[in-house]
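> These are the residues of each chain, in order.
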Amino acid sequence: MSTIDSLTGSSPSRPDGFVPTALDPGTRADDFTATAADRFADAVREHDDELTHRNPWRSRLEDLVRRPGLVLALLWSVAVVVAAFAPSLLAPGDPLVGVPADKLQPPSAAHWFGTDQLGRDLYTRVVHGTPLTLRAALVAVLVGLVVGALVGLAAGFVGGLVDDVAMRVVDVLLSIPALLLSLALITVLGFGSVNVAIAVGIANVAAVSRIMRSEVLRVRTSGFVEASQAGGSRWWTVLFGHVLPNSVGPVVVLAALELGGAVLAVSSLSFLGYGEPPPAPEWGALVAGGRDFLRTSWWLTTLPGLVIVATVLAAGRLSRALDGDPGRAR
Amino acid sequence: MTRHGTPVVQARTTDARTVPRTEGAPHDARAARPGGDAVTRYLARRLGLAVLVLWAAYTVSFVVLYALPGDPVSIMYGGDSTDVTPEQLDALRAEYGLDQPLPVQYLTQLLDAVRGDLGTSVVSKQPVTTLLAQAIPPTAAIAGAALLLAVVGGGTLAVVATATRHRALAGFLLSLPPLGVAIPSFWFGLTLVQWFSFQLPIFPALGNQGFASIVLPAVTLALPTSAIIAQLLSRSLLHTLREPYVDTALAKGAGRVRVHLRHALRNAALPALTATGLVVGGLLSGAVVTETVFSRAGLGRLTATSVAAQDIPVVQGVVLVAATVYVLTNLLVDVVYPLLDPRIVTGGRAAGVTAEPDDAGRPAADEHATRPPSTAPAEHAHAVPAGGAR
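Keeping their order, the protein sequence lines are chains A and B. The first sequence begins at 28 in my numbering and counts up one residue at a time. The second sequence begins at 165 in my numbering and counts up one residue at a time.
If we strip away everything but chain B, and leave its shape as in the complex, we get (with noise of 0.2 Å):
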């Protein structure tokens, strides 16, 4: 959208084998001493970001589930259930600290969360803490074999898409991934169930058992993963296949495989590599329909059940797991990122310098956007196919 937005992973790649020295050769010099001071400066101020946007994470999911209007123990009771007394439901409350004024509340979970603990299920009466810890390893399973599908498909098919002189072919592949974004999980799902449970009995069509079970909801999950990242990813590479290192890189007589691979798909993947904390949240949400549509335990499934059962601890826990995994994906990328790109260490005003001229000709309004990957990340994904416009 913004390209606002874009300075800082859009900045002309710098490719040392293939950039004219003369060309970049400011930048050059900038990037080439970042200083080992520089990267910890860096890396402290992610971690110390990664906190807050928890602790802001913590208190929005409060806000959503006990500050709105509404009443927290009649919820999770059934409001209208008659066989509550209002004694018990004040009985209830003070066993749940809610007839505390709200701060009070805050302070004391929030409090009590730093401490690791989590509050107690209404329904199970089990600490949610507990269910979490049981919940997440089978969830990790099939989400980390969706992304691995993910990447390797989705990367597949953008870099045959943009590299086949085939017209038609790329236009046929550059038509699935909307495709893939278009199709409700729920029903993939079950339409693979159909075929390959039912019609072919290769795999079970529920449960947690075995590796076999894991195939079909890690398919379900990657599709829609998949095609995100075949969409980012052609796009990136589409404009990076515009640049002038490209046809240096030709011009020199490399080949066209090579410099597809070597020369354009590293710098393309940069861009995308900053829309992975999104996808791996992608992937969680997506487990709370895969895990229903296969019976399947996880975090997706106990989910699904607490919100139907209003078990207003464990959704919360939930959340912040997500918030959790989001801030790590993100931190790991911030992490990786310099290794790949010196040039973002060195921060804001760097991307000024870097910045392509119609970005710097531009009034430089939105301070926002030089900030680094993980806390614009929805500015960077737009910048994308943003950049791809030139």
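Same shape as in the complex, but just chain A (with noise of 0.2 Å):
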């Protein structure tokens, strides 16, 4: 996923933060076409903001309101996190039991998503399923983050030899599809939700650090290390006062991005059956379940399929809302 995810989505250094999204269609035109002029207005009332002292508070609020496809992402990503982290405040009831009585209802104001073959209340075991889905997305990405930025610092920062062989290492990561690399670690590793993670993760590696080291090979030979330099710090002030946290700005946007991927990667692998064992709902696996009901009941497939699509598009909103705009949103 990773690959092509940033090859996609990211472009965390693009100075006006342009990526596409669904769920924005006001703003969007005016990204492709805005002009030097729009560009000049912005900067003025920009500039008129700071003169009049507003609360920035208020500004940002204001900002919010024009843009309805943030709002949207933001409470959905909340609802998920909170999901995530406390299920039962969203769905008190049991994911694992169900009332035999009430299998395959449609989705009704008792059971919003319906009911699955057991008399399981899918919402329920939907929401039950986000902790398992995304903490393996969370550790995924992470993984990847980690083990990517350190590669790339290092690849970056030492150059030489370490350079030419990390980055060949890269390469070739990057030539097996990250999905088939995820799948041979996991015939190693075993299955399970964070032995997935950990398979995603790793699938990730090499697209962080080459853009990791291209961070930080740019601010390298920016002014101010070389004067930092000059100057006589150590290396290890370079490296951990200018070079690291001026380079991981983009890093961290493209993780927002990342983790989109990430749990389309998880839910795929645990689709084709790699995750927990079956009682457990995860999100991919819900969908599997749902395959044997196609024919009469749609909801088992449907719902938690769009519950994946907005979570991959909500995170996707917001890395853009956290790469773009720059001045604006500051």
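Careful, some of the hints might be misleading.
To be verified - Coverage of chain B stretches by chain A, computed from C-beta distances (three or more under 8 Å per stretch; other residues unrestricted):
id: 1; stretch: 211-222
id: 2; stretch: 414-423
id: 3; stretch: 441-452
id: 4; stretch: 476-483
Rather than coming from a laboratory, the hints here were simulated on the basis of the structure. Beta carbons: idealized from backbone N, C-alpha and C, even for Gly.
Since each chain comes alone in its own frame, lean on the hints to assemble the complex.
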């Protein structure tokens, strides 16, 4: 997933931060066709804001109102995070116990997402599946981010042979599709939520390290780093005081985007059956479980799938907001 | 991402008909006489690199599958199965050569692989090469169909979205690719089955029989791919349309359609071309999910079952096939690329010459940036959006 995502979605260092997103039809056309005049007007307004000392929170709120897609994405993300860490707040029922008499009920007021073949409430199952899926995705992003950033930092900062070897290995890793690399790792590590997360994370390392490295190279050659070196700073001061803090930004933005990709990868692997064993309501496994009832009970596949789509889109929208609108987002 | 990564592909285009001679003269002179020698050397280098990447991919798969802590034999036979005695495990280890030290195993296996022997499946006891040979054709059929659909669909979307003067239409069209990337293909496939096999019985829901059984898997596989193509191409097109030669062509009286398709699209397609390897690799990994959804025999299904059975030799074979496909695709792109853009042949140094001012203004700290497409796929892929930021 990783290379594809970073390929399509991300370009954290783009000055205008453009990442097209479906949730926000309003501003997109403007992003594309923004003229110099528009940008000038923005700059002027920004400047006026500063001059009049307007409450920054207020102008931030006004910004939000103008971007309904972002608000939706934020609300959805909050709901998902709550579900991930306190699922019982959103769905007090038991995800594993069903009422056989209520089996295969279509969505209704009593069962928002309907019920499955054992009479278990699908909404409850989706909510209680969030911790499994989202935590796996978070772990995956974290693994990819930390390992990738370290590799990229070492390659970019040390340079020379280290750089050459690291980047050759990265090239080779990128020649193996991420999902296949994850599958190879799962073959060795075995099944389960944690192993899936690690496998997805390792498959992300190559892409992250490449971005980190190019950022480090950009920062390393900039004036303030040279000044610091000329001033006699030790290498670790330069590395941790200047290079790391100034190059980590785009990688963090990438992390938000990768989260969407990781949710997709994790749920794909759990769809294939490599996640937690059956009664666990992982999102991918829920879709897979509805497969046998496709003809009669559409909600069993459709609704968990829509939850995945919404989560991935929201992550993409948020990463765009983190990344973009320089000046305005500040 | 990296501006460093941009020069080769992003360098100002030299469309001879539209770029004023005076402006591009020094670059053109250089590009005009690459010479047969340079082309041969270029291709030989690409070929050498391809072989090197394949060897490295083999090594990576070996490291992952055999050298990581863990015991391949007990993994393959279920770690805690009690019906296998330690003696039997030892015998199996000897049979697979796993009792040898790792470097010996590696060299033996590598030599076998070079001779075309990828080992034997643990589950079916068949040679891995036989299994792969059986699995590749059906997957190639849906992957080929999907690629065709994706190029046509994604390309059309990008062209229409960038050509239309309807802001709302452009906005709508450009909002589709991110949606396409966000949709899990296993879910999309099942939704297609639900609509076009069950609600409207047009296509079979599963199986390998006949042309009709290709349609739904191909569409499923094409969705993320076409989204990527549309995204790359529309960005590249928007960037290209701001180039001065587009204005020149318009000023000379060329129609908008002609300028869009002949001048802009031809140049914009070049950066998108460097992502072909990734796109094809994506089709292969997409096949794992797609073939599972549609219960089709093929490489993806073989992968899914082999992972489930922890059949290490087969998994390694699949990884090698994927790497080979990636390498071959990039080799093909490398061969085609100089025909479309002669500057590439002059290699590393030319990049510095033709680079745009803001690239040249930076110290060339990043020597990898000047590598031609295949060795730096992601850099160039990232270069596309970065270039659009001007």
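> Against the structure, test the hints numbered earlier, and report the numbers of the ones violated in rising order.
2
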